[in-house]
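Peer 1: Top line first, the protein sequences correspond to chains A and B. Per our numbering, the very first residue in the first sequence carries number 1; after that it's consecutive. Per our numbering, the very first residue in the second sequence carries number 1; after that it's consecutive.
Hints are computed from structural coordinates only; laboratory data are not their basis. Keep in mind that a hint or two might mislead.
Pairs of lysine-lysine, DSBU-like flavour, derived with a Cα cap of 35 angstroms [claimed, not checked]:
1. B/Lys2 / A/Lys161
2. A/Lys68 / B/Lys2
3. B/Lys2 / A/Lys129
4. B/Lys60 / B/Lys97
5. B/Lys86 / B/Lys138
Derived coverage of chain A by chain B (criterion: at least 3 residues anywhere in the stretch with Cβ under 8 angstroms from a Cβ of chain B; other residues may be distant) [stated by the list, open to error]:
6. 124–138
7. 181–188
Just so you know, even glycine gets a beta-carbon here, dropped at the ideal spot from N, CA and C.
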Amino acid sequence: MAATVQREIRVSVFYFLGLILAALATDAVLHGFGLVWIGRWLGPLGLALILFSFVYSVRRRKFITGGKIPSYLRFHEFAAWLGSLLVLVHSGIHFNALIPWLATLAMLVTTASGLTGKFLLKSAQFRLKEQKAGLETSGMTPEAVEAELLSEARMVEAMRKWRVLHLPITLSFALLALAHLGSLWYFG
Amino acid sequence: MKAWSGFFAVFALLVGVVWYSPRLAFEPGPLSKGHQKQSDNCASCHVPFEGAGRCESCHKPKEFESNPKLVFHHQLAQESCNACHKIHGGGQPKPFKHELLPKSIEANCVGCHARPNDQLHRPLGENCANCHHQTAFKPAQFVHKSLPPAELSQCTTCHEKPADRLHQKLTGSCQSCHGFTAFKPAQFEHDQYFRFDRHHPETCDNCHQNSDYSTYTCYGCHEHSPGSIAGEHREEGIRNFEDCANCHASGDENDIRSRRSRSEADYSQPAQPSSEPVKHSYKKRERHSEHEEDEDDD
Numbered sequence: 001m002a003a004t005v006q007r008e009i010r011v012s013v014f015y016f017l018g019l020i021l022a023a024l025a026t027d028a029v030l031h032g033f034g035l036v037w038i039g040r041w042l043g044p045l046g047l048a049l050i051l052f053s054f055v056y057s058v059r060r061r062k063f064i065t066g067g068k069i070p071s072y073l074r075f076h077e078f079a080a081w082l083g084s085l086l087v088l089v090h091s092g093i094h095f096n097a098l099i100p101w102l103a104t105l106a107m108l109v110t111t112a113s114g115l116t117g118k119f120l121l122k123s124a125q126f127r128l129k130e131q132k133a134g135l136e137t138s139g140m141t142p143e144a145v146e147a148e149l150l151s152e153a154r155m156v157e158a159m160r161k162w163r164v165l166h167l168p169i170t171l172s173f174a175l176l177a178l179a180h181l182g183s184l185w186y187f188g
Numbered sequence: 001m002k003a004w005s006g007f008f009a010v011f012a013l014l015v016g017v018v019w020y021s022p023r024l025a026f027e028p029g030p031l032s033k034g035h036q037k038q039s040d041n042c043a044s045c046h047v048p049f050e051g052a053g054r055c056e057s058c059h060k061p062k063e064f065e066s067n068p069k070l071v072f073h074h075q076l077a078q079e080s081c082n083a084c085h086k087i088h089g090g091g092q093p094k095p096f097k098h099e100l101l102p103k104s105i106e107a108n109c110v111g112c113h114a115r116p117n118d119q120l121h122r123p124l125g126e127n128c129a130n131c132h133h134q135t136a137f138k139p140a141q142f143v144h145k146s147l148p149p150a151e152l153s154q155c156t157t158c159h160e161k162p163a164d165r166l167h168q169k170l171t172g173s174c175q176s177c178h179g180f181t182a183f184k185p186a187q188f189e190h191d192q193y194f195r196f197d198r199h200h201p202e203t204c205d206n207c208h209q210n211s212d213y214s215t216y217t218c219y220g221c222h223e224h225s226p227g228s229i230a231g232e233h234r235e236e237g238i239r240n241f242e243d244c245a246n247c248h249a250s251g252d253e254n255d256i257r258s259r260r261s262r263s264e265a266d267y268s269q270p271a272q273p274s275s276e277p278v279k280h281s282y283k284k285r286e287r288h289s290e291h292e293e294d295e296d297d298d
């Protein structure tokens with residue numbers, strides 16, 4: 001069990017560091033080929049990807065019904081990560097206005113929070129699988145196993161707590177991104 | 001509610017920063033030197049929801065008319081100062097785009113740029129685009145066609161004459177052998193016509209009299225007199241022997257080019273030795289021979 005948890009932690013750290021390294025590499029390529037102007041347009045593109053990734057939330061809340069929720073979740077993880085990468089390249093290494101930098105920071109915190117949620121979910125799934133196998137070998141009926149697993153409160157509680165935190169973190173990012181967009185709209 | 005405290009803290013931070021210093025919150029880099037007086041008044045340049053378009057409230061178009069270096073501004077196809085001038089952020093200004101100019105102004109380079117006053121540029125015409133790109137003066141690719149015809153033949157004004165034995169003896173036009181794009185490859189290879197050896201050195205005037213490379217004669221030295229050459233060839237039954245290099249590829253009398261290149265007429269038509277130089281064209285001997293062969297077939 002401990003080995004699995006450690007592996008999931010490594011995966012989350014890999015995704016987060018990979019995001020930063022990929023942004024630095026893309027930035028270097030754009031500078032190397034004199035294509036810095038592309039960075040300007042990666043911002044709107046990244047934001048569009050992030051917004052589109054919320055189709056998962058829409059599906060989870062049953063505003064739409066087609067498709068399996070785990071598939072939507074995988075799309076949410078992928079599109080949000082890629083969108084964050086594009087926004088990170090867009091922000092560049094330019095320390096000028098404070099609001100865009102706070103927005104970038106909030107985006108990174110949101111990404112880290114998302115990866116934490118991914119880790120918690122994977123750990124919970126593994127723990128469930130392990131417990132289910134244990135209960136089944138103990139001779140319990142399938143109905144009794146299901147009932148036992150439903151009563152496993154620890155994992156449910158961890159995920160619930162995480163969701164409670166992830167939403168305001170995401171909205172903080174959205175607020176700062178909106179302020180940045182608003183300033184662009186106002187000042188031109 | 002506790003979880004939302006972070007969100008409210010961010011909101012409070014946002015409002016606080018914007019209220020305390022809008023510049024700190026939104027300014028995308030420091031203003032350029034000439035605009036720093038406007039640092040506390042964004043609205044002096046920015047029109048809300050329209051962008052930074054108030055340049056003319058300070059910069060009067062009349063200023064441009066009196067300055068020859070700025071007068072082209074009136075001709076710009078795009079009336080956006082920001083297309084070229086970077087007001088925020090410092091660093092390098094945006095590169096000027098010549099495409100913003102109408103074609104008539106774009107073609108008149110010396111209207112804005114001073115012509116270099118060096119030996120290379122002085123005789124050139126005004127079509128700078130022959131050699132230079134619009135993005136930068138260098139690198140440029142020199143095009144000889146830019147030179148007036150009189151200058152075009154004066155190669156040594158710009159190019160140093162090669163110090164090898166062959167070139168030092170030449171006095172004719174470089175263009176006889178060399179093209180305008182590169183020194184090598186040169187079109188002329190003497191070995192195709194006649195190979196030099198110690199008895200036949202690269203002393204051009206021995207064979208090409210008066211530096212006329214369209215003709216040559218082998219009677220320029222004491223070894224080959226018209227009488228002795230005529231006698232030797234008539235012994236062999238050869239009647240047409242005026243164009244020596246047509247048969248003799250080098251000074252070795254046995255180094256004879258293919259007999260196929262020689263027509264029957266060489267043997268049948270009687271010829272008198274002449275001390276007149278042989279006129280020839282700079283075509284490869286092989287091709288010349290094939291041509292003669294075709295004529296024989298006809």
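Peer 1: Hints first: check each against the structure and report whether it holds.
Peer 2: Now the hints, each set against the structure:
1. B/Lys2 / A/Lys161: holds, 11 angstroms
2. A/Lys68 / B/Lys2: holds, 33 angstroms
3. B/Lys2 / A/Lys129: With Cα atoms ~33 angstroms apart, B/Lys2 and A/Lys129 stay inside 35 angstroms; holds.
4. B/Lys60 / B/Lys97: Given that 35 angstroms is the threshold and the Cα spacing comes to 22 angstroms, the pair holds.
5. B/Lys86 / B/Lys138: Holds, at about 24 angstroms.
6. 124–138: violated (count 0)
7. 181–188: It holds, with 5 qualifying residues against the three required.
Hint 6 from the earlier list is the only one contradicted by this structure; the remaining hints agree with it.
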